[in-house]
Amino acid sequence: MKRVLLFSALFSSVVFAQSTEERIRELEEQIRTLQQEVQKLKEEQRKTEDIKQDTEVIKEELRKLRLEIAIPQLKIKTYSGLGPAASKAMFNPRGVSIGGYGELTFRHNSVNARGGAKSIADVQRLILYFGYAFDEKLKFNSELELEHASTSGTHGTGGGYFKAELAFLDYSFRPEFGIRGGLLLMPVGIINEIHEPPTFPSAERPFFERRIMLSTWEEMGFGIYGTVNNLDYRFYITNALMVKGGGSYNPLEPLKTIRQRGARAVADRIGFTGRVDYTLPYNLKVGFSLWTGDVVSKGGSDSMLNLRRGSKLGSMTMISPHLWWQYGGWDVRFVGAYVNINNARKITQDLQGTSTTTNPIPSEQKGFYLQVAYDVFRLLKIDNQELYLFGIYEDYDAHSEVPQGYAKPPGHKLKVYNMGFSYKPHPLVAIKADHARLNYRPNKKDENEYRLTLGFMF
Amino acid sequence: MLKVFGGLLLVILLLSPFLQAKQFRTPERALAELYPNARIEVINITLSREQQEEVQKLSGVRLDTRLVSWYLVKSGKEMLAYGYIDSHVVRTKPEVILYTITPDGKLDVVEVLAFLEPLEYMPHEEWLKIFKGRKLAPGTLRHKRDIPNITGSTITARAITDNARKVLALWQVLFGGRR
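Note that the protein sequences, when read in sequence, are chains A and B.
Quick note: the first sequence, position 171, residue 171 per the numbering used here, numbers continuous.
Quick note: the second sequence, position 34, residue 1034 per the numbering used here, numbers continuous.
These are calculated hints, taken from the structure and not from any lab test.
Just so it is clear, CB atoms sit at the ideal spot from N, CA and C, and this is done for glycine as well.
Check each hint, because a few of them may be wrong.
Unchecked claim - Once the Cα atoms are required to be at most 25 Å apart in a straight line, the calculated DSS-like pairs of lysine-lysine come out as:
id : chain 1 : residue 1 : chain 2 : residue 2
1  : A       : Lys64     : B       : Lys1093
2  : B       : Lys1003   : A       : Lys64
3  : B       : Lys1003   : A       : Lys415
4  : B       : Lys1003   : A       : Lys118
5  : A       : Lys52     : A       : Lys64
6  : A       : Lys445    : A       : Lys256
7  : B       : Lys1074   : A       : Lys75
8  : B       : Lys1074   : A       : Lys59
9  : A       : Lys118    : A       : Lys444
10 : A       : Lys445    : B       : Lys1003
Claimed, not checked - Pulled from the structure, derived: some chain A residues nowhere near chain B, Cβ distances all over 10 Å:
id : residue
11 : Ile51
12 : Ala70
13 : Ser248
14 : Ile270
15 : Asn283
16 : Leu305
17 : Lys312
18 : Phe421
With the hints as extra help, turn the sequences into a complete structure.
Take a look at the structure:
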């Protein structure tokens, strides 16, 4: 009996031990299952949270989109190397885009505004931008310009011309890299690329930008552009420059006679141009631009040296540092330049003949201008309008060096003191008035200019 | 000549308030001007079908979206106003109206943010002030009965009045305790 009892006790303890282990195993299994369930729930919760966030983002985007359609906001943006109105075609995702600008001026000069008259009223420029976006990356852009209201010499004191100032195809692979080719604005200085009247405060473009930086200056070429972080760049290969000949030479802006401007430009030789801008905090842009290339003869009856068209005469190199700060109502600009013309003697001889009594092409030019402008309506808390008061100081020498044996022309040094205002009742419209004091040295009478401009872009 | 330029500058300064080109303001900017120093929060709400139907029933105006955006105008923790932007076609072109509602459910400001129809059809400010203090209640917001017509701009007046009821009904359903 004792044996039976002992055996049954042992058996029951073994069974009990076995069932405990099984129970533990079962519980462990349950815990694992529960953990998996919890993990699944967490994942689902995360997914739900993600979906909720996505939905909120989509809702917010829809709100913005509805507002953008219902209340279109004016956005003034510039695309690499183009003014705001010229950039329209580049931001257009598909199809035709039309823009333009106008510059209607009144100018009174104390000495001579034109041919003896002291005051001239002029439709200086009427511009049509015409572009087409083949797709989001491939675009065509152009600028067609009518200068001085007419192309007829019998209208007023003589009209101007109708020409293409810009005509290129552009392919943007990505913001960091794009290519373009055609008639391109040379990326030098500030005004040559961004020259729509409401974008600068003076009634006319600064003298330095026109006479030294050769604005508006365009040539046939191709090249690359892009923005890498804070760095903007543009580099183009272009046709060379050519001495125009035909007796049209103004020693106050000597190098304007060597632009070709895309009109059956002689391309036997080439030029290279480029620009780099670095944007620092507070929208302070600093950079430099460069143009270097050959100067060739127009040949035939326009070559006083009887050269073949396209024969190399010399070369020109322009190096220009710049600074541009637009922030909090300020518009501060500095542009400097050093220009070297190699073999200026031969270029002068091809243009003027071999006599050394003529006005020469300079072998060197240098100078700068500084602009400080401020929107005083900010002080008066007036929104939606701007009133810039500005001062510009220019100091340059168009013939700092000339070929040996030649005399520097009268008035080759110029200091300009320019003050005035630009009133913008709308961001795209500017009514500008200013006074410019032109101090020529040596042997040229100083001038006072009073100018009024109605400018607009769209 | 300097005197001429000085005179021109003076004329521009005097004329600048009248020359001001009309530009569309964003809701955030308009609200910031109406409630200086306030904080503006945006909430986008998806209405249920029941809520959509309730808004339509309360206002008698069709609500053609279930996604609505409200601008909460706050100062600290205090709610100053609720803002709603209503965009609708008047004749063939849209107008965008900002309605603000006080925390006790009364219309505060009704303002035109954008008006793409010819400007002669645009309501004048004095007429828009009639809406101030009106609630969603019978006999308060009926065109030509409670709200006078604008001669020559009947469609504009009707659109703004009807949509005022719609916006108040939306507020009622979402924030007025009937959610």
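Now for the hints, and whether the structure bears them out:
1. Restraint check for Lys64/A and Lys1093/B: satisfied, since their Cα atoms lie roughly 19 Å apart, inside the 25 Å limit.
2. Annotation: proposed proximity of Lys1003/B to Lys64/A is violated, straight-line Cα distance about 49 Å (limit 25 Å).
3. A hinted pair counts as satisfied when its Cα atoms are at most 25 Å apart, and Lys1003/B with Lys415/A qualifies at roughly 24 Å.
4. For the hint linking Lys1003/B to Lys118/A, the alpha-carbon distance of about 18 Å falls within 25 Å, and the restraint holds.
5. Pair hint Lys52/A plus Lys64/A holds up; C-alpha atoms about 18 Å apart against a cutoff of 25 Å.
6. The suggested pairing of Lys445/A with Lys256/A holds, with an alpha-carbon distance near 22 Å, which does not exceed 25 Å.
7. Of the pairs offered as hints, the one joining Lys1074/B and Lys75/A is violated, with about 29 Å between alpha carbons and a cut-off of 25 Å exceeded.
8. Note on Lys1074/B and Lys59/A: the hinted pairing holds, with a Cα-Cα distance of about 22 Å set against a maximum of 25 Å.
9. Straight-line distance between C-alpha atoms of Lys118/A and Lys444/A comes to about 17 Å, which keeps the hinted pair within the 25 Å bound.
10. Of the supplied pair hints, the one linking Lys445/A and Lys1003/B holds, its CA atoms being roughly 24 Å apart against a limit of 25 Å.
11. With a cut of 10 Å on Cβ distances, Ile51/A stays outside the contact zone with chain B, its closest approach being about 13 Å.
12. Distance to chain B contradicts Ala70/A as a non-interface residue, since its nearest Cβ pair spans about 4 Å, not more than 10 Å.
13. With a least CB separation of 31 Å from chain B, Ser248/A remains clear of the 10 Å interface cut-off, as annotated.
14. No beta-carbon of chain B comes within 10 Å of the beta-carbon of Ile270/A; the shortest separation is about 46 Å.
15. Asn283/A, annotated as away from the interface, keeps every beta carbon of chain B farther than 10 Å; the closest lies near 21 Å.
16. The Cβ of Leu305/A lies farther than 10 Å from every Cβ of chain B, with a closest approach of about 47 Å, so its non-interface assignment holds.
17. The Cβ of Lys312/A lies farther than 10 Å from every Cβ of chain B, with a closest approach of about 49 Å, so its non-interface assignment holds.
18. For Phe421/A, the requirement that its beta carbon stay farther than 10 Å from each beta carbon of chain B is not met, with the minimum near 6 Å.
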